[in-house]
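From first to last, the protein sequence lines are chains A and B. For what it's worth, numbering that gives the first Met the number 0 labels the leading residue of the first sequence as 0, then goes sequentially. For what it's worth, numbering that gives the first Met the number 0 labels the leading residue of the second sequence as 0, then goes sequentially.
Calculated directly from the structure, the hints in this document are not laboratory data. Being a predicted model, the structure only gives us computed values, none of them experimental. Quick reminder that beta carbons are idealized off the backbone N, C-alpha and C, glycines included. You may find that some hints are simply not true.
Stated by the list, open to error - These stretches of chain B come out as covered by chain A in the derived footprint (C-beta under 8 Å, 3 or more residues):
1) 159-170
2) 175-184
3) 409-423
Unchecked claim - Lysine to any residue pairs mimicking SDA-like chemistry, simulated, CA-CA at most 25 Å apart:
4) A/Lys428 with B/Gly154
5) B/Lys163 with A/Gln427
6) A/Lys430 with B/Lys105
7) A/Lys430 with B/Val158
8) B/Lys69 with A/Thr71
9) A/Lys27 with A/Leu14
10) B/Lys163 with A/Asp425
11) B/Lys69 with B/Ile51
12) A/Lys428 with B/Leu108
13) A/Lys420 with B/Glu155
14) A/Lys93 with A/Ser179
15) B/Lys25 with A/Gln427
16) A/Lys286 with A/Asn343
17) A/Lys287 with A/His435
18) A/Lys286 with A/Phe424
19) B/Lys31 with B/Leu382
20) A/Lys440 with A/Leu361
21) B/Lys25 with A/Ser353
22) A/Lys357 with B/Asn23
23) A/Lys348 with B/Asn23
24) A/Lys155 with A/Ser133
25) A/Lys340 with A/Ser31
26) B/Lys202 with B/Thr188
27) A/Lys428 with B/Glu155
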Amino acid sequence: MINLFYISTEIFLSLSILSLLLIGVFKKKSESFIYNFSCIILLVGLAININLNPQSPIDLFNNSYKINYFTTLIKSVILISAFLVMLCSLNYVKQNDILKIEYPILILSSILGMIVMVSSNDLIVFYVGLELQSLALYVLAAFKRDDIFSSESGLKYFILSALSSGLLLYGCSLIYGFSSSTNFDLIYQNSESIEYGIIFGIVFILVGLAFKITAVPFHMWAPDVYDGSPTSVTVIFAILPKIAALTVFINFLYGPFLEMFDQWQAVIIFLSIGSMVFGAVAAIGQKKLKRLIAYSSISHMGFALAGLSVGTNEGIQNSIIYLIIYLIMNIAFFCCLFMLKRENQYFDKVEDLSGLSKNHPLLSLSMMIILFSLAGIPPLAGFFAKFYIFTAVIEQSMYFLAIVGLLSTVIAAFYYIRLIKVMYFDEQKEKYDLNHSLGLKMILVISSTIILIYFVNPNIINNFVSDITLI
Amino acid sequence: MNFPIISSLILLPSIGALFLFFINSKNITGIKYVSLFVSIINFLISIYLWFIFDQSSSEFQFVESRVWIKDFINYKVGIDGISILFIILTTFIIPLCILSVNSSIKNRLKEFLIAILLMETLMIGVFCSLDLVIFYLFFEGGLIPMFLIIGIWGGERRVYSAFKFFLFTLLGSVLMLIAVISIYWIAGTTDVEELYKLGIDPKYQNLLWLAFFSSFAVKTPMWPVHTWLPDAHVEAPTAGSVLLAAILLKMAGYGFIRFSIGLFPVASEYFVPFIFVISLIAIIYTSLVALMQDDIKKLIAYSSVAHMGFVTLGLFTFTQQGVEGGIFQMISHGIVSAALFFSVGVVYDRTHSRLINDYGGLVNVMPKYSILLMVFTLGSLGLPGTTGFIGEFLILMGTFKKSFLVAAIASLGVILGAAYMLWLYKRVVFGELTNQKLLKMIDLNKVELFILTLLALSIIFFGFYPDPFSNTYSVSVENFLSEYNDKLNNYNLQNQ
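Chain A on its own, in the form it takes in the complex:
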């Protein structure tokens, strides 16, 4: 008898999705209700998930699904950030006429896909989760149907993502062929001798995953898709799939392929250096905030990957800390974007920030804190994120990676402080609206406060991850 109790989060989410779909079909004008209810569902899911935290790791379904502290933590992070994302984008969604019943339901399905991905211990389960997540996101990217850019971004994302899924699937089949199993534990046992087939398989899987977290050189889709999608979807792209995909990176690399550390380490270092440097350089010329944040997230993923490339528990833990701080900063940044609105029109160009500090001192203050933090200037949270990563990197004497990474932060600092320059040193423009929803304001205030005073007690986030030992 399989103990279904341990997957009640997943069951709860699936049942809610189905029932919300039914309600949406049979009840007219229920968009708002479904949106609000999905937020509550995410919170309930979070509560269930935290309650389920097992004392010892649990394997389910013939060892193809695992629940342990690490997966529970990541699932909670995903659920919390999904809740925050939905809460802060509520007004945007309403005013841009994308509040259809499908919208919250698609978000919930992609969350469900991510949760399955995180817990998967089998190539097939993993792939099912990945596709559930991706398919929902394709539709979301193209959700603003009348907008040509939104349709373009949806199509672009779909084609490129399908290509990467194909590569990934090919990698999975190679691995299955050479290790005669799809189960992570069995792959680990069967692939002790170094075979080229397995290495090819790993590389293909890494390519597919690198595509999901927009690591260079598989990043080309990101700026266009980020820019074209509605902002409420861009914030999802910038945060949620990255958490899930990076967790899968960890699950793969430090699970079945741990013994082949020497083989994949070079690949990860390459992805990491490429992303850090390219993300920093390419963002300099951007004129739109959403494109800029796309390049900035490419660069940030490079840092998170740097933590994974060291092959120690500290490296993994520090990558997760990095990811958590990254998502706080990004949610806060998008909150600021949602506030740049005048008469129901939203603005997302760099020049729209001009002179913001004179009209909206508090908004620009929090934006400044966020930008300095993204640039990694002490004593803000973003500095600590980088500091931990490089502590782990230097422990393994990987000085080249550390120096390249830190020099790229200097380049990146240039475009972040350019935004601050626009806000604080340039001439002011018209005022923006002030009637923002309470949730949006709360999230912005809380997240920028966390960024600002994180240094007072850094142990709060560190304690969460210090128990994660995968090796």
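Fit chain B to the given chain A structure using the hints.
Same frame as chain A, now just chain B:
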């Protein structure tokens, strides 16, 4: 139970800044009084600290240590005879900066004072942190307020200057961050006291030294990475220039003593010729450049580079006189350059021109100002009886012990210094009153007179009677140098 006096010294300005944040920005007098009050209280605390400080001990005193990041870094602060003087310099200059904003800052006064108070927190933190990571946080954290001070309240080319300042400093510092983390993995701790005891393996020292050097050289600033300084000085508002010249530059000099020399004695000895050469270039070259400036602030900025060249020269002689001279020169330059920038600010507020050619004959309309400016000019060129003399004299004395040639060339810098300062004074103060605008100039008002007189008095007083300073640091320097020589001898013995 010991009262955490150093932490309160660090925290008090931040609390003041937080308080200011909640005051209505239209209440200008309230804002000024609150910030002035906070900074004066801080000054009094630091003076009290100086009184209860035990000058006969070379140990770190008032040490506070607390777990900060579990199993990794402790929050540790404390002072010795060297750092306390820099703390007093900081707390002394800040109230004067706040007093001076009356006439120079027109808009966003509240934000400006918040930035100044945050800077005070960070600068005091730099001078008393006894952990490398804590030091780095304070050292780098200063970038944010200073960037805003230059960028928001600066002159015409403020954006360019602010960016240059920010990126130059950041580029230097990231290498230091790598070195700090490396030290943690090499020695197992970032606690400075522990590291002094343990020592760092000599085979790593050269690289680590270079990484620290890259950061301090930008901040000092040393030739050839000094180019951000003239820009930053010229564009920053008066109070910003004063902060930069008086305190920010000293953070690097202090870093050289505490970290470069203290932690890496073998490497420091190895790089002495290198430091001597670039210090000499800084002294001679920037003095020549200063001669050719037509902008008053730029001239003073280049003179700062030359003076800091003397400081690095003195510190790296590793003689009692040289190191003491370097420290004294830093304190003296802190007071003198602050005074000079305040003086420039006084005339700039009236005419909005920094060009030397727009002035001339000021003595006719501003006699009080001219007298005080004379004192500062003489202090800057190192006339006996001013603080500038003691610093330069001790440095040259220490340098003579090491190398006659270096000292001889450096002495040329003293002559050049006299040349550009006196020439500046002549062109600004003496001569015909040609510019009609200057006829309407009013002499110093009460606040300006107070600031400048206080600075002039301290230049002359400590010029004649330097004992309060030298007594404070001499034991620490003596002990510092003997430890340095011990470590060096040990290393040489091992290699024989």
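Here's how the hints hold up against the structure:
no.: 1; hint: 159-170; verdict: holds (count 6)
no.: 2; hint: 175-184; verdict: holds (count 6)
no.: 3; hint: 409-423; verdict: violated (count 0)
no.: 4; hint: A/Lys428 with B/Gly154; verdict: holds, 21 Å
no.: 5; hint: B/Lys163 with A/Gln427; verdict: holds, 24 Å
no.: 6; hint: A/Lys430 with B/Lys105; verdict: holds, 23 Å
no.: 7; hint: A/Lys430 with B/Val158; verdict: holds, 23 Å
no.: 8; hint: B/Lys69 with A/Thr71; verdict: holds, 23 Å
no.: 9; hint: A/Lys27 with A/Leu14; verdict: holds, 21 Å
no.: 10; hint: B/Lys163 with A/Asp425; verdict: holds, 17 Å
no.: 11; hint: B/Lys69 with B/Ile51; verdict: violated, 33 Å
no.: 12; hint: A/Lys428 with B/Leu108; verdict: holds, 21 Å
no.: 13; hint: A/Lys420 with B/Glu155; verdict: holds, 14 Å
no.: 14; hint: A/Lys93 with A/Ser179; verdict: violated, 51 Å
no.: 15; hint: B/Lys25 with A/Gln427; verdict: holds, 20 Å
no.: 16; hint: A/Lys286 with A/Asn343; verdict: holds, 22 Å
no.: 17; hint: A/Lys287 with A/His435; verdict: holds, 22 Å
no.: 18; hint: A/Lys286 with A/Phe424; verdict: holds, 17 Å
no.: 19; hint: B/Lys31 with B/Leu382; verdict: violated, 36 Å
no.: 20; hint: A/Lys440 with A/Leu361; verdict: holds, 11 Å
no.: 21; hint: B/Lys25 with A/Ser353; verdict: holds, 24 Å
no.: 22; hint: A/Lys357 with B/Asn23; verdict: holds, 15 Å
no.: 23; hint: A/Lys348 with B/Asn23; verdict: violated, 32 Å
no.: 24; hint: A/Lys155 with A/Ser133; verdict: holds, 13 Å
no.: 25; hint: A/Lys340 with A/Ser31; verdict: holds, 21 Å
no.: 26; hint: B/Lys202 with B/Thr188; verdict: holds, 18 Å
no.: 27; hint: A/Lys428 with B/Glu155; verdict: holds, 20 Å
Hints 3, 11, 14, 19, 23, counting from the list given before, are not met by this structure.
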